[in-house]
Amino acid sequence: MAGGVLGEVAAPARSIDWAASLKEAALAAAVALVLFLPLIGMQIVRIEGGTGLQFRLGWVAIGVALVFVGRLLLILLGGRSADLLAAAARPFARLPQLLAPYSLWFGLAGVTFAFVLPFLPFADRYVVDVATTVLIYIMLGWGLNIVVGLAGLLDLGYVAFYAVGAYSYALLAIHFNLGFWECLPLAGLFAASFGVLLGFPVLRLRGDYLAIVTLGFGEIVRIVLLNWYPVTKGPDGLANIPRPTFFGMDFTRNPAEGETAFHEFFGLPYSGLHRVVFLYFLILILALITNAFVQRVRKLPIGRAWEALREDEIACRALGINPTNTKLTAFALGAMFGGFAGSFFATRQGFISPESFTFIESALILAIVVLGGMGSQIGVVLAALVLVLLPELGREFEQFRMLLFGAAMVGIMVWRPRGLLAHREPTIRLHPADAGSSP
Amino acid sequence: MTALLEVLHLTMRFGGLVAIDDLSFTAHDREITAIIGPNGAGKTTVFNCLTGFYKPTVGQLTFHGRGQPLLLERIDGFRIARAGVARTFQNIRLFGQMSVLENLIVAQHNALMRASGYTLLGVLGHPGYRKAEKAAIELARHWLDRIELTDRADWNAENLPYGQQRRLEIARAMCMEPKLLCLDEPAAGLNPRETAQLGDLLRTIRDDSGIGILLIEHDMGVVMGISDHIVVLDYGRKIADGKPDEVRRDPNVIKAYLGEPEEAPLPTPVKADLAEEGRL
Amino acid sequence: MPYFVQQLINGLTLGAMYGLIAIGYSMVYGIIGMINFAHGEIYMIGAFLTVICFSLLGMVGVTWVPLSLVMVLLVAMACTAAYGWTVERIAYRPLRGSFRLAPLISAIGMSIFLQNYVQLTQGATNKALPPVVIGGFVFGDASGFTITISYIQIFMILLTVVLMIGFSYLIASTPLGRAQRACQQDLVMAGLCGVNVDRTISLTFVMGAALAAVAGMMATLYYGVIDFYIGFVAGVKAFTAAVLGGIGSIPGAMLGGLALGLVEAFWSGYFATGYKDVAAFGILVLVLIFLPTGLLGKPEVEKV
Chain A
988 MAGGVLGEVA APARSIDWAA SLKEAALAAA VALVLFLPLI GMQIVRIEGG TGLQFRLGWV
1048 AIGVALVFVG RLLLILLGGR SADLLAAAAR PFARLPQLLA PYSLWFGLAG VTFAFVLPFL
1108 PFADRYVVDV ATTVLIYIML GWGLNIVVGL AGLLDLGYVA FYAVGAYSYA LLAIHFNLGF
1168 WECLPLAGLF AASFGVLLGF PVLRLRGDYL AIVTLGFGEI VRIVLLNWYP VTKGPDGLAN
1228 IPRPTFFGMD FTRNPAEGET AFHEFFGLPY SGLHRVVFLY FLILILALIT NAFVQRVRKL
1288 PIGRAWEALR EDEIACRALG INPTNTKLTA FALGAMFGGF AGSFFATRQG FISPESFTFI
1348 ESALILAIVV LGGMGSQIGV VLAALVLVLL PELGREFEQF RMLLFGAAMV GIMVWRPRGL
1408 LAHREPTIRL HPADAGSSP
Chain B
150 MTALLEVLHL TMRFGGLVAI DDLSFTAHDR EITAIIGPNG AGKTTVFNCL TGFYKPTVGQ
210 LTFHGRGQPL LLERIDGFRI ARAGVARTFQ NIRLFGQMSV LENLIVAQHN ALMRASGYTL
270 LGVLGHPGYR KAEKAAIELA RHWLDRIELT DRADWNAENL PYGQQRRLEI ARAMCMEPKL
330 LCLDEPAAGL NPRETAQLGD LLRTIRDDSG IGILLIEHDM GVVMGISDHI VVLDYGRKIA
390 DGKPDEVRRD PNVIKAYLGE PEEAPLPTPV KADLAEEGRL
Chain C
-10 MPYFVQQLIN GLTLGAMYGL IAIGYSMVYG IIGMINFAHG EIYMIGAFLT VICFSLLGMV
50 GVTWVPLSLV MVLLVAMACT AAYGWTVERI AYRPLRGSFR LAPLISAIGM SIFLQNYVQL
110 TQGATNKALP PVVIGGFVFG DASGFTITIS YIQIFMILLT VVLMIGFSYL IASTPLGRAQ
170 RACQQDLVMA GLCGVNVDRT ISLTFVMGAA LAAVAGMMAT LYYGVIDFYI GFVAGVKAFT
230 AAVLGGIGSI PGAMLGGLAL GLVEAFWSGY FATGYKDVAA FGILVLVLIF LPTGLLGKPE
290 VEKV
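So the sequence lines, in the order shown, correspond to chains A, B and C.
Here the first sequence is numbered in our numbering, starting from 988 and rising by one per residue.
Here the second sequence is numbered in our numbering, starting from 150 and rising by one per residue.
Here the third sequence is numbered in our numbering, starting from -10 and rising by one per residue.
Please keep in mind that the hints were generated in silico from the structure rather than gathered at the bench.
The hints are all genuine.
Now the stretches of chain A that chain C is said to cover, found in silico as 3 or more residues with beta-carbon under 8 Å:
| no. | stretch |
| --- | --- |
| 1 | 1016 to 1023 |
| 2 | 1196 to 1205 |
| 3 | 1354 to 1363 |
| 4 | 1386 to 1394 |
| 5 | 1399 to 1409 |
Just the calculated beta-carbon pair ranges, DEER-fashion:
| no. | chain 1 | residue 1 | chain 2 | residue 2 | range |
| --- | --- | --- | --- | --- | --- |
| 6 | B | Leu269 | A | Pro1108 | 38 to 46 Å |
| 7 | A | Tyr1089 | C | Ala67 | 51 to 59 Å |
| 8 | A | Gln1041 | C | Gly213 | 14 to 22 Å |
| 9 | A | Trp1215 | C | Val59 | 42 to 50 Å |
| 10 | B | Asn308 | C | Val177 | 18 to 26 Å |
| 11 | B | Asn340 | C | Ser162 | 45 to 53 Å |
| 12 | C | Leu159 | B | Asn240 | 32 to 40 Å |
| 13 | A | Leu1091 | B | Asp357 | 37 to 45 Å |
| 14 | B | His367 | C | Gly22 | 27 to 35 Å |
| 15 | C | Met(-10) | A | Asn1214 | 27 to 35 Å |
| 16 | A | Trp1215 | B | Arg290 | 52 to 60 Å |
None of the values given here were measured: they were computed from a predicted structure.
For each residue, glycine too, the CB sits at the ideal point set by N, CA and C.
Isolated chain A (complex conformation):
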C-alpha cells in the first residue's frame, strides 16, 4: 500500500516545466524575504538614548534559501502541496477503522502498562511525574471530549472549570480543613454549577460565537482570580495546600505526634517517591473513572442526544429533544470532570496561582481533543502523549517548545483535519461488527 502511494505521487508522466517551477520558487523566496528581513534579520536592542537594531542577515539568507529549495522540491515532487499531503495521509486514513475492532485490546494493554509503569526499572521520579502530567491532560481531554467531541460545542474556556476545581479544593482544604476525598466531589459540584451558570445564557449561540464567549469567560475567571486578593491572594497564589493522604496516612518523613506515616505503617524506608507514585495512581484511577463514565454515557440516551445535537439541532427539536437541557448536561458534566482534575492538580502541586490557568491551557486541552479525533477516547490518549511528551523530549530546545507546539497544531490540522484517529464506532449495532458495516 505504502509503495503504491509513493508511486502514485512520483509517477505522473509529465515533463517538468523548469522555468515555471523556478519562477514559483523564486516568488516564495521573495515573500520569505519580506517576512524574514525585518523580524529575523533585525533585532530590536536597547541602546543609549533609545532603540537600535542588531542585524542578523545571515539567518535571513539561510531562511530564504530554505524556502526556495523547499518550495522547489514540493513542486518537483508532486505539483500541489495539497495533493502531496493527501497522499501522505492516505495510508493512515483507514488505519483507525482497521484498528477499531481491536480497540478493547489496545485499551487493556494501555491500562496494564499504566498500572505497572511506576514499577518498571527506568521509572524514576521524573518519569512518574511526567506520566502524571500526561494523565491529567488525558483526563481533561476526556472531560472536554463530552462537550466538544460528543455535543459539538466549541469550548475555548475549559480551563476555567479546571481553575474553579483547583481553587475550590484549595480554599476548602485550607479554611475548612477538609480532606482530599471530601473536597473532590465538592470541587466537581462547584465546577459543574459554574458550567450551568455559564451555559444557561450562552448555549443557544452558534458555534463560533459560543467559542469566543467561553474564551471570554475563561479570561474573566482568571482576571477575578488575579484581582480578588482577599480570597485568592491574587498573583501570589495559594500555598500550603494540604497533600492527599492514604487512608489518613501522610506521606511525610516525620508525622505529627500520634499519627502514622505511610512508610512506617508498611515498614518501608522513607522515600519521597511514595507520594509521587501514590499521586500517579490517584490520577490514573480518576482518569479511568472518567473514561468509564464517558464510554457508558455515550451509549445512553443522553449521549446519543449529544451526538445528535452535534449533527443537527433542528432535527433534534423536531424529535422532542430539549436542546438547552441536553447541552447544559454536556457542559455541566464536562465541567465536573474539569473540576475533579483541578482539585487533583491543586493537591499535587501544593501551590496554585492564576498563572496555571491561562488561555494556552485551554488551547492545549482543546488541541488534545481535536487532534486526537473528535469523540475518540483513544485519540485523546494519543494526542495527549504527543503534545505533552514532545515538548518534554525537546527540553534542550526549551525556547522552541511552544513554537513547535503551534506548528504541530497547524500541521496536523492541515494533514488530517478530522484528527489523528477520526473513526466513530456506532454506539449500538444491529448486526455483528464485521457484517454490513459502512462503506
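Once you've looked at the hints, dock chains B and C against the given chain A.
Below, chains B and C alone, put in the same frame as chain A:
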C-alpha cells in the same frame, strides 16, 4: 374518525410579507391531508408554525393528540414533538455521522430517557433501562423492515443513497410513535419506482397505525393517488379544500396552477412580469 | 465634566485601534465564516515592525517626523500584509471546505506559533520606542483640571477616518470590493460566476492585516511600549468589537470598536482598572445574548 388538528385563522407575517393569510382547515386521524400549492404558497411555513419553529402572528392550532387538547402555538417546538407531532424536512435532516439504527433510537429519546432514570439509573446499568433499550431496538427493527433498510442498519446515515435517506427520515419520525405525521415533500428527488413505494408506505402507515398524515407535495400523482383530503394554498390563502376529485375540478385551483384558461396564451416574458406583479 | 471629556477622547483613540483590528475579523468572518484567531498576532507583528522601522530610520538619519511616519506606515502595512497573506496560504487555504472546527484549531495553532516566533526572534523583553510625536493641545479649566488632546491622538483619529473613507470606497466601488461582496453571499456561486475566489480571499487577509498593522503602529506610538503578548488581548477585544457591531459589517466593526473603546475608557476612569477586561468580555456576552446580530448586522433567519 375524529379531528386531530384544527387550524383556525392562522396568519404568519414576516415584516411586511404575509406568508399565510387567515388559513383554517382540519386534519383528521386515519386520513392523509395534503397541502398543495405553487412554490412560495406558504406550505412549509404552515409546517413550521405547526411544529413550533415559528410563532404564528395570529391563529389557533388545536391538537387533539393524547388526552387534553393542546394549543400548539403556545408551546416550544420540542414539546410539540413530545405531544405527538412528528415531521420530516424538505432538505433531509438526518444525523449524518450516526448510524441508521442510532437515528431511529434517538427518535425514541424521551421514552428511553425516562427508562434510564434521566441517565442516573442508566449509568448504574439498571436492568429496566436495558429492557427499554431492547424494546427500542425492536421498534427500530420493525421500521427498518418496513422501509427495507435492515441490511444497512449499521451504515452511517450520510452514506445512504438519497431515496433511502428520505425513507429513513419517515421511519425516524414514525419511531416517535406520533399521532400526526407531517411530511414536507417526501417524494422530492425520488424516481418513479421509489415514488410508488412511498405512496404504498404512507397508505399502510395511515391504515395500520391509525394516525393522521399531513403531506406537502408537488407530485400530483402522489397527492391525488393517496390523499383523502386536500387543502390548496396560493399566496398564503386557502383557495380550495375538499376531496381530491372536487379539488381537481375546482376552477380556482386550475387558475392558480395553469393561469386563466379563457385567455389566449401569453408570451413567456409577459407572463413572468405578470407573475411578479401578483396578477397570475 | 473635564474628566468625562478626557475619558471620551481616550476612549475614541482606543476605539479607533480596536475598530481597525475588528475590520479584519469582520471581513474574514464575512467571507469564509471563520474566526481568524491569529489576527491579534498580526496586529502584534505590525507593532514590532513599527519599532523596527523607526529604529532603522533613526540609524539612517531620517528624522523629519512626517516623512518617517509615512514611511513607517507604508513599510509596516506592506510587511504585515505579507504575514497575513502567508498565514492564509499555509494554515487556512488547505482547510477550506473542510470540517467546521479545523480552521479554528489551525488558527489557534498559528496564533501560538506567531507569538513564539516573535518572542524567539525579538526576545521576550518589552520593547520601548522613544516618543516620536510629542505634545498636544491643553485646555485649561477653572477647577484646575485640564483636558489634554495629544497630537498623536489627533493623528490616530484622523488616520482612522481617512482609512475608513478609502476602505469604504474600495468595498463599495471597485471590482475587488464587488468580488468580496459576492464571495460573502455565496463562495461557490461567486466562483462559478468567474470570481477568482482564492485571490479574493487572499486579498481580504492582506487588507485585514494591513489595517491591523496601522492599529499596531498606533498602539506603539500611543503607549510607547510593546511586547510579544499584546496580540492576544487586543485580538479578543477586537473580535468582541466586531461581534458588537455585527460581524460581517465593516462600518459595524468600526462602530463596535468605538463603543468598546469608550466603555473601557469610562470603566477604567470610574471603576476598577483591574476589571476593565471583565467589562469588555461582559459586554460581549450580553450583546451575544440580547442582540446576537450586533448593532449593524443583518438578522439571520433560521432556515428549516
